[in-house]
Amino acid sequence: MSGLELIDVSKSYGATPVLERVSLSVLPREFIAFLGPSGSGKSTLLRIIAGLETADSGEVWLDGERIDTRSPGARGIAMVFQHYALYPHMTVRENMAFGLRNAGVARDEITRRIAQAADILEIAEQLDKKPGQMSGGQRQRVAIGRAIIKQPRLFLLDEPLSNLDAALRGRTRVELAQLRTRVDAALIMVTHDQAEAMTLADRIVILDDCCIQQVGTPAEVYARPANAFVARFVGSPPMAMLPATIAGEEAGRVCVRLAEGTVLATAVPAGELVAGTEVEVGLRPEHVRLAAPGEAGLAAQVELVERLGDRTFLYAKLEGGAEIIALEPGFGTVRPGDAVTLAIDAPCAHVFTASGAAHHPEPRA
Amino acid sequence: MKGARLHPLVVMALLLGAGVMLAPMVWTLLLSFKSNAALMADSGAAFSGPYTLENYAAILKGSLTLQWLANSLIVATGATVGVLVLSSLAGYGFARLEFPFRRTLFVIVLLGLAVPEQAVILPRHQLFAMLGLHNSYPGLILPSLTGSFGVFFMTQYFRAIPKELDEAALLDGASRFTLFWKVLLPLTFPAQATLGVFTFLAAWNDYWWPLISATTSDRFTLTVGLASAQMNYAQTSGLGFLMAQAVFASIPILVVYIAFQKQIVRAMAGTAVR
Amino acid sequence: MTAALRDRLAGYAFVGPFLLVYAAVLIVPLVMGIVISLHRADLFGRREWIGLDNYAQALGDPVLHQAFGNTVLLAVLIVPPLTVIALLLALALNRPGKFAAVLRGVFFSSLVLSVTIVTLIWRFILTPDAGLIAEGLEAAGRAPIPFLSDPDLVIPAIAVTTLWWSLGFPVMLILAGLQQVPGDIYEAAALDGAGRWTVLRRITLPAIRRTLLLVVMLQTAAQLQLFGQAQLLTGGGPGGASRTIVLYIFEVSFGRWELGYATAIAELLFGMIIALTLLQYWLVTRHEEPRA
Amino acid sequence: MIGRALAFGFAGLLAGCAPADDRPEIVVQRFFGECGAAYGESTDVAAADTECGILTTLINRFEAENPDIRVKVNVVAWPGYPQLAAQIAAGDPPDLVTMHQSVISDYAGAGLIEPVEPLLAAARIDPAAFTPAARAGVEKEGRLYAMPWDTIGRLWHINTALMAEAGLMRGGKPVLPNSPEELLAHARQFRERTSKPYLIQAQVSAPDFHVALLYTYLLAQDAVIFPDARHIRLDTPQARAIVTVLRQLNAEGLTTLNQDFPAATAAFIQGEGGIFPVGTWMLGPYDAEAARSNSPLHGNYAVAPFPRLWGEEASFVDGHAWIVPAARRSPAERAAMARFLGFLAKYNYDWSRTGQLPAFAQVVESPAFRALPHRADIAALARTGKQLPGYVERQSAVQGLIGEELEAAITGAKPVDTALKDAERRVNRLYAQMM
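Protein chains in written order, with our numbering: chain V, 1 to 365; chain G, 366 to 639; chain R, 640 to 931; chain B, 932 to 1366.
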């Protein structure tokens, strides 16, 4: 079997568990993002794959070989570190050659590969400089070059963009996207920035609380979050969660009653949701808008207005205290403190039970 | 504060202080260029000519001074290399590797900082006698290698190096030793320079141990050799020669000091004062 | 072999060489010393168990009392002035420019000389016949002063010699400490309208407090072990007026061959140095928050 | 690369740098000073001067005449016994060491040095050739523990010009006191007439200076200083009387103060006082000084044994000797040592030019020795010289203790009887603690 396979990987630091029986399959040439809040174990998982940490139990397989028993250098894995970890006393050329020399690659082969990588990454001019003489972006490229040149079977990137300023981050994101086309390897990137994950990854692995919460394409994790955590975590601004109870069902779809009394008819199949169950109703901002004059809706008070130019997010509070976020196209005129009426696109609402389990709307016919 | 102009009174005081620091050295230098006979009659003769190089010629010609100089160089260099090697290895081990009793061992090493030479020198003399180590270069060098300070200093320095570098090197397939030797050690050069210079100075200037461990003149270090020459009973002659020996013996160490002055100050600012 | 075991072995491989030397050349003698001090032992291997008698003898030994007094007096005459002078020098020389650089070089220079040379130089400065000071006094029509043979002058003379010799290291340490103080707190102080004195007292000194502590601790420990200067300048004379504890240890061990007694004195000195160091550390740090 | 260089360097260090040499090696350890600058290459013994010069030249000559022996010379700071103790404790003592005869019993008693009869025999030196004083100095419990090299005593070195000025010359000879009262009277008269001190004394860092005076005048009265090997008796009327006079000299400024040996030595040359009671070893240098035309001492130098002040004529004497620390040595090394001792014995006359009395009776009788300046004046030492009993150990440490107390007494820091009591107590305690 090819690709990366994690089987029941567990790890704890003393009494504190970090990962509990994590299993995952990554296809060859797939780009995976590990997304999660800090402390979710995503970095630890990456480091276990790299061999920088040892799992307490579980197995790591790569291209049909078990690698968790091997030393980091013998796994066929390359990694780009958050702070690049370039060897400060070596030139760029020496930095890139170091791993190959350790692996006993022939001298002219090393020269050839360095030239090639330098060419691709446009750092041929910099080969005899030391890292200290270079800018952050250039160092990033050298770090990537050092990884590419090893022709690894798996590419690990630890928060690759966190050290760059906003402008550079955009450009580097493009470069990372190109990188995957150039390497014949799977890529795994750790990030806490969902935009990065959404943009770059084929699939996103969302981690929290020592476990994988969901594995899916960006569209899946956005549209059909596996649970309340994923729903809250993915999307910016996040999904609003309104406390509610199941009011009943209508044509097999549940109706929910919000805390302040309004009943919404959702498109969520009733299934085992029975009347009276305490749930949360999840609403993406794009499914909440300002009601037209005279249109019925929820009364709310605007607390914060986030104008992004093409669109505006209104952070508002319903009677009873629940927080909700609405999207208004354009620049808008609403100001904080205004009382507004919000219209809700109820068929797009998600329902989450107290255990966090998600119930998604059936797509409209 | 920094860069503020110095008050003229402060400048005067500084110059006066510098004069006090330098006067003995200038006096020594002048004496060393006078013939012994002239000084025997009147040491005040040092302030006027004629000056001569005869004392220096005598050193190069007949005395053991060159041998002592060589011994001091060997002992101080051996101590320096030894301390650097041992402290670097141990510093890396304590800073980066996990092994049972690591913390306990480190604490035991740190306790060594509090042990004065006096507490061990007499039993050490007995021990070395049993081992037949006296009057040998290893016997003179070994006590310098027990300094806890070097290990402490290098451990701190290694700890300050980002761990990512180790990990990058491990992923680059480096062994623990390659990692240490090719990646981390070169980064500790400033610390090595500081530690090296201070070890060299300390070993060069050590007096107590070589006094009791070196048993023949040709193994004396400069400190002991010169002391054996100057403490002689009722010696009223040879002042110029003694001073020439003093100057001659100080030259190598001054060279070392001047060569490394920048590193000493800079690296001390970095790590030593934490 | 598993990776964890390999790592452990690597750990011992790296710290092992030092620990071996450390154990053999420091720990073993340290333990031997304690054992020897409980014996009536001579330099040539004869041993007879006498328990704590050596320590009892030390407590009642008037010569040791005198040496103790001399040593403490020397430390008192050396450590505080040394610290203050070094601090003043470091403050004055902590600036860019050639002038300061040259002066730094001058004040550091004596530190590289060995004790033999320092005492050789100073003996011929202090000696009443033909010494540098005597020459100066004679030129001024005054009688030479016998610094090294007057019981009241000999300790100050050794103290001055030691000050001259030891000044460089503390200046260097304090300069290093000063360079650690971030420049922006001086700028902030300037914005707050703080005068020079206020800056020194409220900002600079607190910032280099630990450096000063280090200087005092190191120097106290060093001066309590003063040996070479006393042995080479005066041999402990006149009449034991400049005999230090360590010089006494040397005399008792290699002059009188009483190894057990000498070792007991050394152990007492050891205890004294540790106690003083801890006391100084405690005095300076007791009000500080524990460091993260 | 660097690693290899380091490893190589270490190997070099451990191996040591000595080239292969299969000649027997003897390590000769001596005090007497370092004078390599003046005599480093000289082999002309007859032309050498001073203890250091003569001995340095002798050893040079021995090396030149015996290329099949490697000689290593340790020059140690006087008196070098702490180092010797350290060397013996280190298990690496030298082969032949200069030692004061008064110290021999310490080392012999502890079994640290070897009897030398076999070596003397190999060197064809007959112990009967030693002067009685020299032989007494090296013989302990019936064995010879050293080859004696000389007998040293203390003399009055006299500046006759100043004595004349003080009216203390008669018939070209200095007038010396015959009683303590006379001593003080002379000293006061000297002070009055010359406004200089009568005595020059090394009172600083020279514990043995006053001890020698004390021993001399105690021995002159046949006082028992050491009733047995473990006790001293100092708190006696005789001792109090002697020390009181010494204190009086100081109190009245009849002697130089605050001088150590180098200072006192130089002071005498510069004519700063009348009489310097110091060892025979200064006879040579001072005589040479008196021969220099522009010296304050020119033509005005005389010596005399210590005058009789109490009891009979006597002088506390000591001597230098060559001892052999106990160690394993090859026959070749022992043969080399014997040859060295034989060589030294041959040059005993040259050594006596330093002022010391020769250790070989034949040299003392020789016309060459008699012809040396002032030797007739000091020949009496050979007759009157006395040493402490052979069982007295730790003489140097004991002298140090007594010296410290005497210094306190003589400078007035302590009452005389307290100082003597303290000295007695400290010495007895030292003996009590000996193993």
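Simulated from the structure, these hints should not be mistaken for laboratory data.
For clarity, every value in this text was computed on a predicted model and none was experimentally measured.
Glycine included, every Cβ here is placed at the ideal spot set by N, Cα and C.
Hints are supplied without guarantee of correctness; some may be wrong.
[To be verified] Incomplete in silico selection of chain B near chain R, CB under 7 Å:
| # | residue |
| --- | --- |
| 1 | P1013 |
| 2 | A1016 |
| 3 | A1017 |
| 4 | V1135 |
| 5 | N1189 |
| 6 | P1298 |
| 7 | H1305 |
| 8 | A1307 |
| 9 | E1335 |
message: Checking hints one by one. Is B/P1298 an interface residue toward chain R, by the C-beta closer than 7 Å rule?
response: violated (40 Å)
Cut-off 7 Å, beta-carbon criterion: hint that B/H1305 touches chain R: Violated: closest Cβ of chain R sits about 26 Å from B/H1305, beyond 7 Å.
Identify whether the interface hint at B/A1016 stands, where standing means a beta carbon of chain R within less than 7 Å of its own.
-> holds (5 Å)
Double-check B/A1307 for me: the hint is only fine if its C-beta lies closer than 7 Å to a C-beta in chain R. Since chain R brings no Cβ nearer than about 33 Å to B/A1307, farther than 7 Å, the hint is violated.
Inset, instruction - Would you check whether B/N1189 satisfies its interface hint, that is, whether its CB is within less than 7 Å of any CB in chain R? - result: holds (4 Å)
Evaluation of the interface hint that places B/A1017 against chain R, nearest CB under 7 Å:
Where the cut-off is 7 Å and the nearest Cβ of chain R is about 5 Å from B/A1017, the hint holds.
* Against chain R, is B/E1335 within 7 Å by beta-carbon distance? -> Constraint on B/E1335 satisfied, holds at 5 Å.
**OP:** Go through the hint on B/P1013 and say holds or violated, using the shortest Cβ distance to chain R against 7 Å.
**Re:** Since chain R brings a Cβ to about 4 Å from B/P1013, closer than 7 Å, the hint holds.
Status of the B/V1135 interface restraint (C-beta, 7 Å, chain R): holds (4 Å)
In terms of the numbered hints stated before, the structure departs from hints 6, 7 and 8, listed from lowest to highest.
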